[in-house]
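**Student:** First to last, the protein sequences are chains A and B.
The first sequence begins at 1 in my numbering and counts up one residue at a time.
The second sequence begins at 1 in my numbering and counts up one residue at a time.
Everything labelled a hint here was simulated from the structure, so no lab data went into it.
Just to be clear, a hint being listed does not mean it is correct.
Unchecked claim - List of simulated lysine-lysine pairs, DSS-like, C-alpha gap at most 25 Å:
{"hint": "1", "chain 1": "A", "residue 1": "K259", "chain 2": "B", "residue 2": "K222"}
{"hint": "2", "chain 1": "A", "residue 1": "K251", "chain 2": "B", "residue 2": "K277"}
{"hint": "3", "chain 1": "B", "residue 1": "K277", "chain 2": "A", "residue 2": "K259"}
{"hint": "4", "chain 1": "B", "residue 1": "K182", "chain 2": "B", "residue 2": "K212"}
{"hint": "5", "chain 1": "B", "residue 1": "K137", "chain 2": "A", "residue 2": "K23"}
{"hint": "6", "chain 1": "A", "residue 1": "K251", "chain 2": "B", "residue 2": "K222"}
{"hint": "7", "chain 1": "B", "residue 1": "K222", "chain 2": "A", "residue 2": "K2"}
{"hint": "8", "chain 1": "B", "residue 1": "K277", "chain 2": "B", "residue 2": "K245"}
As the list claims (entries may be wrong) - So the derived list for chain B, only partly shown, Cβ under 7 Å to chain A, looks like this:
{"hint": "9", "residue": "V97"}
{"hint": "10", "residue": "L100"}
{"hint": "11", "residue": "T186"}
{"hint": "12", "residue": "G187"}
{"hint": "13", "residue": "E190"}
{"hint": "14", "residue": "E200"}
{"hint": "15", "residue": "I203"}
{"hint": "16", "residue": "D288"}
{"hint": "17", "residue": "D307"}
{"hint": "18", "residue": "F316"}
{"hint": "19", "residue": "Q317"}
From the three backbone atoms N, C-alpha and C, an ideal C-beta is built for every residue, glycine too.
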Amino acid sequence: MKVLVTVKEVAEVEDEFEIDGLKIDERYLDYDLNEWDDYAVEEGVQIAEENDDVEVVTVTIGPERAEETIRMALAKGADRAVRVWDDALEAADFVDVATKTDILAAVVEEEQPDLILTGVQASDDAFGATGVSLADAIDFEWAAVVNALDLDVEAGVANLRRELEGGIEELTDVDIPAVLTIQTGINEPRYASLRGIRQAQSKEIAPKSLGDLGLDASVIDSEITLTSMYEPESESDATIWEGSADETAGKLAEFLRDKGVGQA
Amino acid sequence: MSDVLAITEHRRGELRDVSYELITAGRQLADDLGGDLHLAVISGDVSGFADHLNREGVDTIHTVDEGEEFNHDVYTQVITQLYDDLQPGAVVMPNSVNGLDYAPAVANHLSLPLVTDAIDFAADGALEVTREQYGSKVETTVEVDADHVALTIRPGEWPAAEGTGDADIVSFDASIDESAVKSTVTGFEEVGGGDVDITEADILVSVGRGIKEEENIELVEKLADALGATLSSSRPIVDNGWLPKNRQVGQSGKVVTPDVYIAIGISGAVQHVAGMKGADTIIAINTDPNAPIFDIADYGIVDDLFDVVPALTEQFQ
Ligand SMILES: Cc1cc2nc3c(=O)[nH]c(=O)nc-3n(C[C@H](O)[C@H](O)[C@H](O)COP(=O)(O)OP(=O)(O)OC[C@H]3O[C@@H](n4cnc5c(N)ncnc54)[C@H](O)[C@@H]3O)c2cc1C
Chain A
1 MKVLVTVKEV
11 AEVEDEFEID
21 GLKIDERYLD
31 YDLNEWDDYA
41 VEEGVQIAEE
51 NDDVEVVTVT
61 IGPERAEETI
71 RMALAKGADR
81 AVRVWDDALE
91 AADFVDVATK
101 TDILAAVVEE
111 EQPDLILTGV
121 QASDDAFGAT
131 GVSLADAIDF
141 EWAAVVNALD
151 LDVEAGVANL
161 RRELEGGIEE
171 LTDVDIPAVL
181 TIQTGINEPR
191 YASLRGIRQA
201 QSKEIAPKSL
211 GDLGLDASVI
221 DSEITLTSMY
231 EPESESDATI
241 WEGSADETAG
251 KLAEFLRDKG
261 VGQA
Chain B
1 MSDVLAITEH
11 RRGELRDVSY
21 ELITAGRQLA
31 DDLGGDLHLA
41 VISGDVSGFA
51 DHLNREGVDT
61 IHTVDEGEEF
71 NHDVYTQVIT
81 QLYDDLQPGA
91 VVMPNSVNGL
101 DYAPAVANHL
111 SLPLVTDAID
121 FAADGALEVT
131 REQYGSKVET
141 TVEVDADHVA
151 LTIRPGEWPA
161 AEGTGDADIV
171 SFDASIDESA
181 VKSTVTGFEE
191 VGGGDVDITE
201 ADILVSVGRG
211 IKEEENIELV
221 EKLADALGAT
231 LSSSRPIVDN
241 GWLPKNRQVG
251 QSGKVVTPDV
261 YIAIGISGAV
271 QHVAGMKGAD
281 TIIAINTDPN
291 APIFDIADYG
301 IVDDLFDVVP
311 ALTEQFQ
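Chain B with its partners taken away, still in its complex shape:
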């Protein structure tokens, strides 16, 4: 029998969605392994968070009252101590930005094999984990041949757990070695304000790296104008300084929910899709018929944007 320990996530006083997804994923794994599901909630209003996290399928919630916000030095120490106490078969963490900041350290510290960004898994005897590679063009499975493993799961892949649970809520006294805490979070800042709010737009014409050169952005701007739409983009366009940060759609940009989203020369990387999959109608224009964007598109054109975009603009002039 093997228990699962899942580490929940919160920021600025709110649990993040992935915390509830971790319950679903953790329960699935605990069922496969024939053990209990333990959650840990570290820092902040831990007892308030624990009440919210007490959903169906959770056996025990460990509250760790250490600091207000995420600090990876504290998290790493706490999880290591919890692990020593519980000896779970698996530690499941989010593949979020903060997950990226502590999960590999935890795995290394505990000498656990680490598989990140899981989109599925099954433990029937050995643990098989499904992942994506090459910008989602390929799926792989890896088998983990160990009794103990560290896993991170991709946000948005498991449904959020619902239903009220009857978990034991216990407080865990960690002993933090303050001299080993060598990072200090000094604040937060919201970025990407400015002239337009792409989250308000009904129609977004969104441009990606397929546009190749800064001069070519104009082509897509013209289309947006002709359609009365708002211009947005994938990350590389913003990284290149071709459009301001407030135009970026995605995990680290804005989450948008327009009626129509036209993705032009955008591959559909997971971090981009995280920002636009809620659009009502998704239309993709891309030369690559295998581009992952077509998996979530409702309509598509497999062709060169430099031919299609001007032709489309013409239709509206």
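So here's chain A without its partners, still in its complex pose:
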């Protein structure tokens, strides 16, 4: 069985930052593995540990820099990786869901996985749509926001829970092949061991251009264009207490006492 895990390197914004046109200035960005994908990788690796003959392959749409993040996933136990990038993607301000779907569908065509795990959303653009869109495109079954998974490989069914709003979970059975979008908390992602990190160095990260996947640059054409990016005007009318920690704590304490807090 083959499990394909989508892995995105996301940018995290520092506390203070500047926007330069349609992007945040590179100086203020740190890159990391998308939090939700970390849980998806862990779930894939656990499936491999619990079943015989499971290969875990990761797929990333991202520049060469992303290989650092991909190595992290490999160090945690993924077997090999595919990374899709080229000049056309590099030049795009914004890659929409349809484009990601087309690219990932082409990778699925090559890899023929039985199960695909994605994160619920990416923390940077927060579209939360790629997994389910992909499922429709490749005619797989799917489930979004999965926070518990019990895979019955023989029966070809995934027994899972979907985490709904307000502390309610839905119990659902889904036929595989399927795409599952993974919610944080489903497992405890492991840290990469030193041995894992060493082994990851020799694992394959296959770079692919759109052309390699039988696609051309038109796949990036989108009816959606990013037109502006700005810091939201603060609606805040918060009173900010200033001073040293002792001073601000003192002001907060006074405020709380006035409210009758802590006077039991």
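We have chain A; now place chain B with the ligand onto it with these hints.
**Tutor:** Just chain B with the ligand now, with coordinates in the frame of chain A:
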């Protein structure tokens, strides 16, 4: 002229708030596009739901009597068929957990450009949609250059529609291909019971990822003790297993309405805010002056929690 089709949501026999918000958002878009607002209500007691949904601004409600509860295979098929029938300019869906489970499939199936989690939009010629990125630190607008679009809206952003309407209520006969229904909902379960009920607390001291290590939780526990407050948290604390699920505030946790909510090292992600914005007084302690939590806080301290929290605890000992 271009109509709007909005897909309402219900669970376990009750319409969810976002359904009424969809009416407001859908009406706004239909006015911009110069068309009618159609609602669809799929599964469950559809005629009962339709009566509730018949509020001001709705032109037509399509009831689709298929199954009891949400099933994404059924929803996707029904919406596709409704779309073929009505050819609306926009399909508007909720950015709820169930919305996440069918909207992208609908958009892909119909080859519609998809914009999710809209917090605002305007269609004056082209459709411009406002969204947030990077955990609400940045807002973006995207322009959609198409005659047909799929949109999901963030729950809580549009006011609920009110007033009684005079919509046409029509039943829509979908033809469901049962062989393409490959998922089965087998039940629901409530999680997060246990020792304390944070929804009952008057004062909540809430801890987020800024606390960094499990050992450090004790620092905030001490403060809660000193204040006679109840300890709650954001999601990562629960995901890490540092506190039980019944302490989680937010969209997938509990909705709380204490007199005082002290958010310590919590950024104020939309899914967290969904659970605590109803608190009477919100106080945030965070090193990042741009953290979105300050947008909804009444009082704030921009400083290191590891300095402020012990100093505050001391004040009450
Ligand atoms: C479908 C779905 C449902 C979700 N449901 C929920 C939910 O119910 N509840 C929930 O909370 N989240 C939920 N989330 C997750 C949510 O998106 C955020 O990831 C989460 O709320 C972030 O938690 P946080 O604020 O503690 O962490 P972060 O966003 O990492 O913020 C940590 C904050 O601590 C500050 N900080 C760091 N160090 C210090 C210091 N020394 N002193 C002071 N401040 C410091 C930082 O500046 C930062 O603002 C959900 C997500 C999804 C996709």
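**Student:** Could you run down the list of hints and mark each one as holding or not?
**Tutor:** Hint-by-hint comparison with the structure:
About 20 Å separates the Cα atoms of A/K259 and B/K222, which keeps this hinted pair within 25 Å; it holds. Simply put, A/K251 and B/K277 have alpha-carbon atoms about 23 Å apart, close enough for the 25 Å limit, and the pair holds. Restraint check: the Cα-Cα separation between B/K277 and A/K259 comes to about 19 Å, which is no more than 25 Å; the hinted pair holds. A distance of roughly 42 Å separates the Cα atoms of B/K182 and B/K212; the hinted pair therefore is violated under the 25 Å criterion.
Our distance criterion of 25 Å between C-alpha atoms is met by B/K137 and A/K23, whose separation comes to about 13 Å. A threshold of 25 Å between alpha carbons decides the hint, and for A/K251 with B/K222 the separation of about 19 Å falls inside it, so the pair holds. For the hint linking B/K222 to A/K2, the alpha-carbon distance of about 48 Å lies beyond 25 Å, and the restraint is violated. Proposed proximity of B/K277 and B/K245 is supported: the alpha carbons are some 19 Å apart, at most 25 Å.
A least Cβ separation of about 5 Å between B/V97 and chain A falls short of the 7 Å threshold, and the interface hint therefore holds. For B/L100, the suggested interface contact is upheld, since its CB lies about 4 Å from the closest CB of chain A, less than 7 Å. With a least beta-carbon distance of about 5 Å to chain A, the hint placing B/T186 at the interface is held under the 7 Å criterion. For B/G187, the shortest C-beta to C-beta distance to chain A is roughly 5 Å, which falls under 7 Å, so the interface hint holds.
The criterion of a C-beta within 7 Å of any C-beta in chain A is met by B/E190, whose closest approach is roughly 6 Å, and the hint holds. The interface hint given for B/E200 is broken, as the beta carbon of that residue sits about 15 Å from the closest beta carbon of chain A, more than 7 Å. With a least beta-carbon distance of about 6 Å to chain A, the hint placing B/I203 at the interface is held under the 7 Å criterion. At about 4 Å, the closest approach between the beta carbon of B/D288 and any beta carbon in chain A falls short of 7 Å, and the interface hint on this residue holds.
Proximity of B/D307 to chain A holds as hinted, the smallest CB-CB distance being about 4 Å (cut-off 7 Å). At a threshold of 7 Å, the smallest CB-CB gap from B/F316 to chain A is about 5 Å, leaving the interface hint in force. Restraint check, B/Q317 versus chain A: the minimum CB separation of about 10 Å is more than 7 Å; hint violated.
The structure fails to meet hints 4, 7, 14 and 19 from the earlier list, while all remaining hints are met.
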